[in-house]
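Chain A is already provided as a structure; the job is to place chain B on it using the hints.
One letter stands for each residue in the lines below.
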Amino acid sequence: MMKLAALVPLFPLVGFILNGLFGKKMSKGLSGTIASVAMLLSFGISLAVFLELQTAENKATVINLFSWISSDTLQVPFEFLIDPLSSVFLLIITGIGFLIHIYSLGYMKHDDAFARFFAYLNLFVFFMLLLVMGNNYLILFMGWEGVGLCSYLLIGFWFKNNAYNDAAKKAFIINRIGDLGFLLGIFLIFTTYGSTTFGDIFPNAGMASPAVVTTIALLLFFGATGKSAQIPLFTWLPDAMAGPTPVSALIHAATMVTAGVYMIVRSNIFYSMSETASAVVAIVGLATALIAALIGLFQNDIKKILAYSTVSQLGLMFLGLGAGAFSSSVFHVTTHAFFKALLFLAAGSVIHAMGGEQDIRKMGGLKGKIKITFITMLIGTIAISGIPPLSGFFSKDEIMAHVFEYNGLLWFFAMIVSALTAFYMFRLIFLTFYGKFRGTSEQEHHLHESPPTMTIPLVVLAALAIFGGLLGLPEFWGMSNWMAENLDTIIMHHHETRLSHQTEWILMGLAVVSALIIILIAYNVYRKKGLVPVEKEQQLKDWQRPIFHKFYVDEIYDFLVRRPVDFLSESFYKVLDLQVVSLLVDGIGNSVKTFGSYIRLIQNGNVSTYIVGMVMSIICILLFIFLI
Amino acid sequence: MNGLIIICGLGLLAMISEIFKFRSVLFPLVLTGLLAALALNVWEWNNPMHISYFENMIGFDRSALAFSTVILAIALLWFVLAQDYFKSGQHLVDHYALVLFALAGALMLTGCKNMTTLFLGIETLSIPMYVLAASKKNDLKSNEAGFKYLIMGSFASGFLLFGIALVYGATASFDFEEIKAYIAVFQGELPGFFYVGVIFILIAMAFKIAVAPFHFWAPDVYEGSPVLITGLMSTVVKTAAFAAFMRLFMMCFSNVSELWVTLLAVIVALSLAVSNFTAVMQTNTKRMLAYSSISHAAFMLMIIMSDKGETASVNSLIYYSLAYSLASLSAFAVIYLVSKNGSEDITELNGLHKRNRLLTITLTIALLSLAGIPVTAGFFAKYFVLSQIPSDTLLWLTILAIISSTIAAFYYLKIVGSMFFADSYTKEPIVVQKSHAFVLIVCVVLLLLFGMVPGLITELALY
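In the order they appear, the protein sequences are chains A and B. Just so you know, the first sequence maps onto residues 1 to 628 in my numbering. Just so you know, the second sequence maps onto residues 629 to 1091 in my numbering.
Okay, chain A solo, but in the shape it has when bound (with noise of 0.2 angstroms):
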């Protein structure tokens, strides 16, 4: 049964090539159909291999498809890995990516290029899924690689529009920032450690002097940052909200953005070695939740508020695992993706209703209109926010308990980016729900509920964000904490909190309370006063403006990097490839050409010429062979 898992990223790959090679001559149905049951395919295998791996004595199986590479001392067999982390994320992406499939089949509809849409997001899962499975780090960075090209193309998707373009490419560029970061840790750890395969690393990593180990951490994390979107490679996730809704849900919120999440708690043992590495860490992760959160506070697109929002949550898990809690971000991965992948199809149920508007400031009083979104959009809300007994309450508390215990300091700032988050997202809420409608009389003729194809997505969805909690119940409940006993056998330094319940209570207390007054706080600015934020820039407060222009973190990366680069190049161009390498190349080439011309002279066609040639020749072999 565990081989068939191989069979998991086939399909969405079968799905791929049908979608690609004869989707132009498909209909619609069709290409949606095959694409959609590929998914389901996969998560049927998934789920099947998930329960058969909670009773299997043997919590690791990998599987051997072939040898990748052999040469050498690289070996590089093609091997999958299933075990308890593999399995969770195999569940959560075939899973959520059919949800996200059948939502597609709704929301693409009117969409021309239907069949290649399909085709890209087959091909996204099949990367996805090798990224998880693979045994070693160069099949993990095969499926990296190939989720940044899929997210490049269902960025650019709409490829007419050129601001989606140039948000493509700048996901794509500032990807292969990170990338390169993570390509030089895997150099450093086969060159310490003469393999790639997990399994042949982890028990020996402390073979390493500790340098090496910090910095084998460090360059994979950096690896993360560009794919997690932290601190200083953030900026391209909230322009890759270009892309339609879907793809920001799967891609951009569930799935792929989580990748660093999981490179990292794979390698854990690194960081557990090292205490500067998971510093480090800690430190990025609040400092990007906190800066996200509060440019979230100020963004008025329904999409760009829920892309901050990632990020920012994106960051608490990066917090969660510089203090070692692992297995807790793992599960804040788990119900992120339920309740994340539910905002953004709910935003996007919305968008179609409001017929493609974003901006939250001209909508309003969507509540009774479009009941089914609103009511699971809600959820999500209250889910993100942390109020018991959603499953974002159960997720977040855990990390918090365990980053009070790493450092105090740095549970006080991560207090605020949760406050902040329930205030932004009960904002979202209010302006785009409550109140009077604020959109033209068109738009308000139009308004509609999405088909079913969308809504029943986001009823599933909802169910799992308010029951995904189960999957890890607190401990000092008296409760089994599933994810954490499950994925016992990953994690390969544990240390157990030692908060006594009381403490534990109180922070648990702490955290309910401040979010329902923030909550409180939003209701009475955005729904008593009514409250709808300002046109114009001048309107702003002075300490406003800096959140509201994002930090000027676009403008400082243009100013710091983008302008001496163009500089650079410029130059360079001018003096050393216009001055130097043309001459040097050409005339290489031309001296090539010269030399071949020459040569051609002797093959004039005459048989006697050849003739003579080859004994000339082989007199010369005989006496340098003899005389020499």
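These are computed hints drawn from the structure, not numbers from a lab. There could be a bad hint or two in this list.
Below, in silico cross-link-like pairs of lysine to any residue (SDA-like), each with a Cα-Cα straight-line distance of 25 angstroms or less [said to hold, decoys possible]:
#	chain 1	residue 1	chain 2	residue 2
1	B	LYS1042	A	GLY596
2	A	LYS25	A	LEU10
3	B	LYS764	A	GLY605
4	B	LYS769	A	VAL607
5	B	LYS765	A	ASN606
6	A	LYS593	B	GLU972
7	B	LYS765	B	PHE790
8	B	LYS769	A	THR609
9	A	LYS369	A	HIS445
10	B	LYS715	B	HIS981
11	A	LYS109	A	HIS445
12	A	LYS160	B	HIS981
13	A	LYS59	A	LEU470
14	A	LYS24	B	ASN984
15	A	LYS160	A	LYS170
16	B	LYS1042	A	ILE599
17	A	LYS160	A	GLN358
Chain B only, in chain A's frame:
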């Protein structure tokens, strides 16, 4: 061995098919025969009972079976491709018989264990090829090609015979194993003419695989012969000649390797330089591919040269033959289909992208493989060669090989570029019939498959 018997039988059948009037079923018969031969090869691989035949004159061990499987598979694809070539023209059955007998010679070469079978194989392979090169009777160039091939080929055969005679004179045996044993015992006391004999045999073999300075025939013959026959020359003939070369020099003359390794190094260096520099200047596609085949032959020679008595090098040679044959066959197939209603000029491929997409993709993959770009089989083929060259003594050769690969990439990629970006004279689409499309797709898929999973070939257990 069964494969050889079947192919010989098919050749005889083809000859009598005119008399007994069953020419119309000849094509399916040949395909069935080839498939049966392939199947029997696989069976022999798994049931190695009889390895040697005829007093140890011919023997199908696993490496011979691997080479003959490559040859048979390529021949099968070639026949499917050449189906309509056999329909046109008057001397249908003669062509069938000639190709089949050439194939029989090729199979004999893969299994030769004796100077007699070596010579017999080479002649059985070559003589039909001389005729086939001249098979476009009304084309002056084709006649010229056949004639040149014959003259130069006989010249080389003379050297081969002379060399065999000298070696026999020194060792009193034709048998590879006996010669090897003799050399091992009397090393250092062998007469000077023995070494001359080895050199003459090497020169004759170098002629057959067309490496510099014995390559002069190749560009003219490749250009003049009908495209499909050229395709046959650069795949089946080349693989068979290399199989024999390998058996001869790795098995028989391995104990006097100091004699021929330096010589081969010079030949390789010369071939790499001459072929790649000249190919840049070519305007005829077939001629360019002829030079490309010289450069690939040089690469394959490097495997024989750097042999350390390990099976890895035999595997590399099989992998290289397969990768090169597939790429070469698909390239010639595309040229054949394009030049049916046009010329064989490189400019004929301009803008092919707009005329037929399948042909463009096939030729692109084939050329990328020839250039050794990853994901195609050509990459690993070259990689294995370069990784096996002993770096202490022959580093300069490795560097030269890499430089010449870079130059080669130029003329391959130039064609790829012009297929996509240049304007063609005509926009008229090219229609590809289903069987041809099948061959092209099989070649492309295999090139990519072996490029992604080289272990399929390199991990075959040959012993």
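Structure-based check of all given hints:
no. : hint                  : result
1   : B:LYS1042 to A:GLY596 : holds, 17 angstroms
2   : A:LYS25 to A:LEU10    : holds, 23 angstroms
3   : B:LYS764 to A:GLY605  : holds, 19 angstroms
4   : B:LYS769 to A:VAL607  : holds, 14 angstroms
5   : B:LYS765 to A:ASN606  : holds, 21 angstroms
6   : A:LYS593 to B:GLU972  : holds, 22 angstroms
7   : B:LYS765 to B:PHE790  : violated, 33 angstroms
8   : B:LYS769 to A:THR609  : holds, 18 angstroms
9   : A:LYS369 to A:HIS445  : holds, 11 angstroms
10  : B:LYS715 to B:HIS981  : violated, 29 angstroms
11  : A:LYS109 to A:HIS445  : holds, 21 angstroms
12  : A:LYS160 to B:HIS981  : holds, 23 angstroms
13  : A:LYS59 to A:LEU470   : holds, 22 angstroms
14  : A:LYS24 to B:ASN984   : holds, 18 angstroms
15  : A:LYS160 to A:LYS170  : holds, 16 angstroms
16  : B:LYS1042 to A:ILE599 : holds, 21 angstroms
17  : A:LYS160 to A:GLN358  : holds, 19 angstroms
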